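**Student:** Same order as they appear, the protein sequences are chains A and B.
Take the first sequence: its position 64, counting from 1, is numbered 469 in my numbering, and each next residue is one higher.
Take the second sequence: its position 178, counting from 1, is numbered 583 in my numbering, and each next residue is one higher.
For the record, the hints were derived by calculation from the structure and aren't laboratory data.
Among the hints, erroneous ones may be present.
Derived CB-CB ranges, DEER-like [stated by the list, open to error]:
| id | chain 1 | residue 1 | chain 2 | residue 2 | range |
| --- | --- | --- | --- | --- | --- |
| 1 | B | E530 | A | N485 | 52 to 60 angstroms |
| 2 | B | S520 | A | G603 | 19 to 27 angstroms |
| 3 | A | T621 | B | E430 | 52 to 60 angstroms |
| 4 | B | G603 | A | T431 | 52 to 60 angstroms |
Straight-line alpha carbon distances no greater than 27 angstroms define the calculated DSSO-like cross-link-like pairs of lysine-lysine that follow [to be verified]:
| id | chain 1 | residue 1 | chain 2 | residue 2 |
| --- | --- | --- | --- | --- |
| 5 | A | K617 | B | K617 |
| 6 | B | K486 | A | K484 |
| 7 | B | K484 | A | K617 |
| 8 | B | K526 | A | K526 |
| 9 | A | K639 | A | K676 |
| 10 | A | K617 | B | K526 |
| 11 | B | K673 | A | K526 |
| 12 | B | K412 | B | K676 |
| 13 | B | K673 | A | K639 |
| 14 | B | K412 | B | K673 |
| 15 | B | K676 | A | K486 |
| 16 | B | K484 | A | K639 |
| 17 | B | K442 | B | K676 |
| 18 | B | K600 | B | K412 |
| 19 | B | K639 | A | K484 |
| 20 | A | K600 | B | K526 |
| 21 | B | K617 | B | K526 |
| 22 | B | K486 | A | K617 |
| 23 | A | K457 | A | K676 |
| 24 | A | K676 | A | K442 |
| 25 | A | K496 | A | K457 |
| 26 | B | K461 | B | K442 |
| 27 | B | K442 | B | K458 |
| 28 | A | K526 | B | K600 |
| 29 | A | K484 | A | K496 |
For clarity, every value in this text was computed on a predicted model and none was experimentally measured.
Every residue, glycine too, gets a C-beta built ideally from N, C-alpha and C.
There are 2 protein chains.
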Amino acid sequence: MSVAPHKDFSRLCIHTITTRPWNIETAARRYAAAGVKGITVWRDALDGRDIKKTGKLLRDEGLDIVSLCRGGFFPDVDKNKRKLAIDDNRKAIEEAAALGTSLIVLVCGASPAQSLEDSRKQIQEGIETVLADASAAGVRLAIEPLHPMYADARSAINTLGQANDMAQAINSPMVGVAVDVYHLWWDPALEQEIKRCGQNDHLFAFHICDWKSPTTDMLLDRGLMGDGCIPIRKIRSWVEATGFNGFNEVEIFSTQYWEEDQSVFLDKITKAYIEHA
Amino acid sequence: MSVAPHKDFSRLCIHTITTRPWNIETAARRYAAAGVKGITVWRDALDGRDIKKTGKLLRDEGLDIVSLCRGGFFPDVDKNKRKLAIDDNRKAIEEAAALGTSLIVLVCGASPAQSLEDSRKQIQEGIETVLADASAAGVRLAIEPLHPMYADARSAINTLGQANDMAQAINSPMVGVAVDVYHLWWDPALEQEIKRCGQNDHLFAFHICDWKSPTTDMLLDRGLMGDGCIPIRKIRSWVEATGFNGFNEVEIFSTQYWEEDQSVFLDKITKAYIEHA
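Construct all of the structure, not just a fragment, from the sequences and the given hints.
**Tutor:** Listed below in structure tokens is the structure:
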């Protein structure tokens, strides 16, 4: 299946962390001026702000608030720390509701001090524990599988198959998955697992960027679409085949791009979105 | 299933690259003096040497020459470069035969300029092309799946499931797989795929080290057993449950350890082997 290039920015969303040097007010104004229609808010961007007012400011710019990043980090060998994680996830749900978004992305967490199986149990328990709060607030939770290179400390859920398994085990309309091409592009089961997301009606988010070759940092060297080797458009065709018509969210952590003039970088993002996404 | 600690070094093999600052003659002498029984030779260690004489030197030290590292790197968009890779793999087979080892480990390769599917086709074609030479020389080929973080340029085979698929597709007693805990520890299908290796009688090699948390370099920051979060002994129990009774090969690329006195490092390796492997 092939898919046509995007013709406009009506489904383009940018994560605030992508243009990190900008504060959220600047980011919102510049995104909107560039015709971008969606914003995903990282929680650090809300520091020191009235969250409801910030939500209004974003909507006044004409932006859809696609999601809040991020909840999760449930596992720990220490029970008290697991409780603190639950509290923090409840806080994230409140923040999402105040901001006016209906989705939180979960970076689920892992602990190098215990097995991946134990971490996964704690992740599922954590999600189930906050589920009533999420439902009451009308905030959905997206399990984001992370690349296997983060299995030590960031996520014990490293394939879309595992995320689908957990979403199905929890079996709530409030819990689904986020598909990020950076984490999943290498997976030979990706097409079939994206299809499975669709069949279960829980594909909640689609994140894009690129994998640079070589990649020089395990966290902060993501590429702009077209910089690397991820078949973004092919993966988008699988995502859209499920019926997904939500935002394509540009999520790039890059020391290199953060050092650039962010206005120039934003131009590159919108250009790359049309040419490569 | 649990498994007892090793009681001696009769199944301990070290890769020459693990103690890179030592040349192969020094490595062989020191490994043997420490009671280590196996050596896997990286091709760079043979530079400028008479390979047959080096093989004799290793055997005279009482070392089993477990394998030659490495062949592979078959894929390329350029047909001429693919031909050069075939030539180089034929050369590796000759070197293995001259050295007196019956196994070559394949780091299969990938190209960021083409799809993973195309790279995999070229890998299979490459192996099939050199298979007659391998058979004639009595040298087996082990497909080593590499961690997904190397899918851009080092290997388009990133899970043991994919390696098993390819070995079964090629369907020759000369072609099997190498299981390296560093590349595979995160995979939820690992236990079942190790079992499948055994059922197909093609588990040719078992490599160990550890995943440090955090890991600061994508290539050269491997840990010694016990430094990290890989359940090495659990994975060994799965490997041995297949009937595998070959060497446990310590393969560590580490700028940090290479900077140490290699005699001290060798002591750490043998100690870690008993305590954590």
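**Student:** If a hint holds in the structure, say so; if it doesn't, say that too.
**Tutor:** Cross-check of the supplied hints:
1. B:E530 with A:N485: 52 to 60 angstroms: Given a distance of about 56 angstroms, which is inside 52 to 60 angstroms, the answer is holds.
2. B:S520 with A:G603: 19 to 27 angstroms: This hint holds: roughly 23 angstroms between Cβ atoms.
3. A:T621 with B:E430: 52 to 60 angstroms: 35 angstroms, violated
4. B:G603 with A:T431: 52 to 60 angstroms: For A:T431 against B:G603, whose Cβ atoms are near 59 angstroms apart, the range 52 to 60 angstroms holds.
5. A:K617 with B:K617: 23 angstroms, holds
6. B:K486 with A:K484: Violated, because 55 angstroms separates the two Cα atoms, which is more than 27 angstroms.
7. B:K484 with A:K617: 24 angstroms, holds
8. B:K526 with A:K526: 38 angstroms, violated
9. A:K639 with A:K676: 18 angstroms, holds
10. A:K617 with B:K526: 23 angstroms, holds
11. B:K673 with A:K526: Judged against 27 angstroms, a Cα distance of about 34 angstroms means the pair is violated.
12. B:K412 with B:K676: It holds: about 11 angstroms lies between the C-alpha atoms, which stays within 27 angstroms.
13. B:K673 with A:K639: Roughly 47 angstroms separates the two Cα atoms, so the pair is violated.
14. B:K412 with B:K673: OK: B:K412 and B:K673 at ~16 angstroms, within 27 angstroms.
15. B:K676 with A:K486: Judged against 27 angstroms, a Cα distance of about 34 angstroms means the pair is violated.
16. B:K484 with A:K639: Status holds; Cα separation ~25 angstroms.
17. B:K442 with B:K676: 15 angstroms, holds
18. B:K600 with B:K412: Answer holds: B:K600 to B:K412 is near 25 angstroms, not above 27 angstroms.
19. B:K639 with A:K484: 25 angstroms, holds
20. A:K600 with B:K526: Distance ~24 angstroms between A:K600 and B:K526 Cα, so the pair holds.
21. B:K617 with B:K526: 33 angstroms, violated
22. B:K486 with A:K617: 22 angstroms, holds
23. A:K457 with A:K676: 32 angstroms, violated
24. A:K676 with A:K442: 15 angstroms, holds
25. A:K496 with A:K457: 14 angstroms, holds
26. B:K461 with B:K442: Cα-Cα ~15 angstroms, so holds.
27. B:K442 with B:K458: 19 angstroms, holds
28. A:K526 with B:K600: With Cα atoms ~24 angstroms apart, A:K526 and B:K600 stay inside 27 angstroms; holds.
29. A:K484 with A:K496: At roughly 19 angstroms apart (the allowed maximum being 27 angstroms), A:K496 and A:K484 satisfy the hint.
Of the hints listed earlier, those the structure fails to meet are numbers 3, 6, 8, 11, 13, 15, 21 and 23, in rising order.
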